[in-house]
Each structure stands twice: as C-alpha cells, then as structure tokens.
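Protein chains in written order, with my numbering: chain E, 680 to 868; chain S, 680 to 868.
Simulated from the structure, these hints should not be mistaken for lab results. Be careful, since some hints might not be right.
A pair holds if it fits inside one copy or across any two, identical chains being indistinguishable in the list.
Cut-off 20 Å, straight-line C-alpha distance, at most; resulting in silico cross-link-like pairs (EDC-like, lysine to aspartate or glutamate) [stated by the list, open to error]:
1) K843 to D798
2) K867 to E801
3) K843 to E866
4) K843 to E815
Residues per chain are reported as follows:
Number of protein chains: 2
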Amino acid sequence: MKEQTNIADTVVTNGINVTEYEEIVQAVKDQPDLAKFQFRARNRWDMGGYNLTTIKGFYGAGEEHGAEDRTFVVDADEPHILLGEDRAPNPVEYLLHALTACLTSTIIYKAAARGITIDSVESTLEGDLDARAFLELSNEERKGYQSIRATFTVRSDASAEEIKEMAEFSPVLDVVNYGTPVSLRIEKG
Amino acid sequence: MKEQTNIADTVVTNGINVTEYEEIVQAVKDQPDLAKFQFRARNRWDMGGYNLTTIKGFYGAGEEHGAEDRTFVVDADEPHILLGEDRAPNPVEYLLHALTACLTSTIIYKAAARGITIDSVESTLEGDLDARAFLELSNEERKGYQSIRATFTVRSDASAEEIKEMAEFSPVLDVVNYGTPVSLRIEKG
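Here chain E stands alone, though its shape is the one from the complex:
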C-alpha cells in the first residue's frame, strides 16, 4: 500500500504520514479484503519461567510481509517471588504493555487522520489478579485479571472526550474488554 509520495504533497501529523493513511483508507474502500491481516508469534520454552517468542512475518494488504527480513525476539520470565529468575517482564505484565502501547498508537493514528496534533501521551496501567485459581485453591476467583485501570495524560487541543472516543478504536482494548476465542491445540512432540 505504501507508495512513493512527493514530499511537497505529503502531510505528516504526529509522525504519521497522513497522505499514505488516506491512500490506505481509499484502497480498502475499493478492495475490502486488503483490510485482512494475520499476525503470528512462535515461542520456545527455555527453562523454568523463562521462554522466548520470535515474531517475524505477517499477512496483510493482500500479501505476505517481512518473513525474510523482519525478526524480533522477546523474552518473558517471572519475578523471584513467583519462582523465576526475573530476567524479563512476566506474561501478565506484557499484556498490560500490549494494551497501553495499542491505546497510545490508536490515539496517535486517529488524531493524525483527523488533523489533530498530539504533543505528548503518557499512561499508567494497573491490573488486579488473585492467584488462588491458578494455585487451585479457589473456584470463586478467576484465573486472569479481575480488572484493569488505564489512566492516560494527553497534551493536545482535543478534548478528553474525543481522545477517549479515539482510544476506543484500539484493537487490543477490544480483545481485552470483550474477549476473543482462542483455539488451543496440543500435540505430543
């Protein structure tokens, strides 16, 4: 979708090339299948609470991208009190990262598309979790976060109401708020 644009014709707001954004919107209007994406991750257990995820290619805009030239490795661990080595954030902390990063980018992209300049975005998130279900000591508590609170501080001419309305387009917020069915298959190696 990304095409060469004459710099003189290009509008950039909040670091987002709005000219290209509008080209994407037009392309998807003409050919809705271009909006279909598939993202992927591979993980390998190392030892104890430590494991590593490799993120490479994805499908989107009608073709494969990055399988050859895009590789990120991110690790996860558990803190000492949860019997890990504390070499990396733990998975429930990464969930908060995914959520706040997505809310932040959603505000930035949506604002750019609407011609709204954002000067700064900072956020703090807290998630409450009761480990009794994991430890099989209670059937009354759920296994995951019971609630998550996200507080954003945004410097911009936009109202808090409009910023919230924009943030609510966040894909990760949608998954966390409403859930997505996970099909889990186990194969013996």
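Put chain S on the given structure of chain E with help from the hints.
Relative to chain E, chain S alone:
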C-alpha cells in the same frame, strides 16, 4: 514467600523449585490475601507508531516488590505497511507474545507441581484481524482479533489432554478468552 531451603530438601522440576511452590500454596491456604497481586506498566509515546513501556514494581504476597531494583523497558512500533518504522513488534503481536508466554509457563509450573517432567515446549500462534473497523469503514467487523489459534508441541510423558487441562489455568488465556473490564480515564496534560 521465598525462604531459604536446604539444598538436600529441595525438589526442582522443569527448573521450578517445587519445594518453594508448595510453601506458597500452603501460605496462601493459611492467608488467602497473599494471593492478591497488582501488576503495573507505564508508557510514553515517542513519535508516530513508536512508544515505550516501563515495567518496574508490583504488589503481591502482602507487600511491594522491585520498585527500586527492577526495571524493564519494552518498545512497540508498527511495520512500514502500517506507517511505522518497524523498530519493534506491534501491540497486537505483543498480545500474542503475552498469550503464548503465559500458556508455556502455565504448562511448566503446573507440570512441576504435579511431578511431571517436560522436555520441550514449542508453540505457534496466529491471530486474524480485519482493519476495517479501525479505519471506520465498517460497523460489521470488530476492532480486535476475530480469532486466535495456538498450536503447542510438547515433549513429555503427560497426555495431550492433561497438558491442555494444565494450560487452561493460564491467566492471559483467561483474559483473552473471556475479557476483563478495562476502566479507561483520559486526563488533559
């Protein structure tokens, strides 16, 4: 919760100190509030699709941990086709990382607690997302992942059924499958 144990008395399975795990279970049985955790993340927007999350302290087992001596910084970006600089995985890819890392660790911890040795765990995840809702071109599609498929290959004496039963204690799986209410507050900076 972590106490000094005589090495001769310590059982370690899959890299997990099972003796300490059992001490945690006993401590939570005696004092259920020790199971309450709060995890946290702070994020700061840099430019365009690039932002950074700092993960430090958390609350759990009745006290604060790591606020002074534990700091992880993880970044997020978007690929070029989504108008980013592709300096890091994007937020929906980090969601898959959080999910697969949590499923992996849950299998490892649960197996250790049951005395089951795991030789290896590898997994691949795929998530399908239609960008039309984000682009405000459709009200029929949801904003987040429509579905996620996780395939685990596990070398172990345990049956695939038991591994799946153990994996389903995963806190992140619980959040992704069933959702967690997110309270989102926007303040003007």
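Each hint, compared with the structure:
When the C-alpha separation of K843 and D798 is checked against a cutoff of 20 Å, the pair qualifies only within one copy, where the shortest distance is 16 Å, while the shortest distance between copies is 47 Å. With identical chains, the CA atoms of K867 and E801 are at most 20 Å apart between copies only, with a shortest distance of 10 Å across copies and 44 Å within one. Taking the closest pair of Cα atoms, K843 and E866 come within 20 Å of each other only across two copies (10 Å); inside a single copy the shortest separation is 43 Å, beyond that limit. With identical chains, the CA atoms of K843 and E815 are at most 20 Å apart between copies only, with a shortest distance of 16 Å across copies and 38 Å within one.
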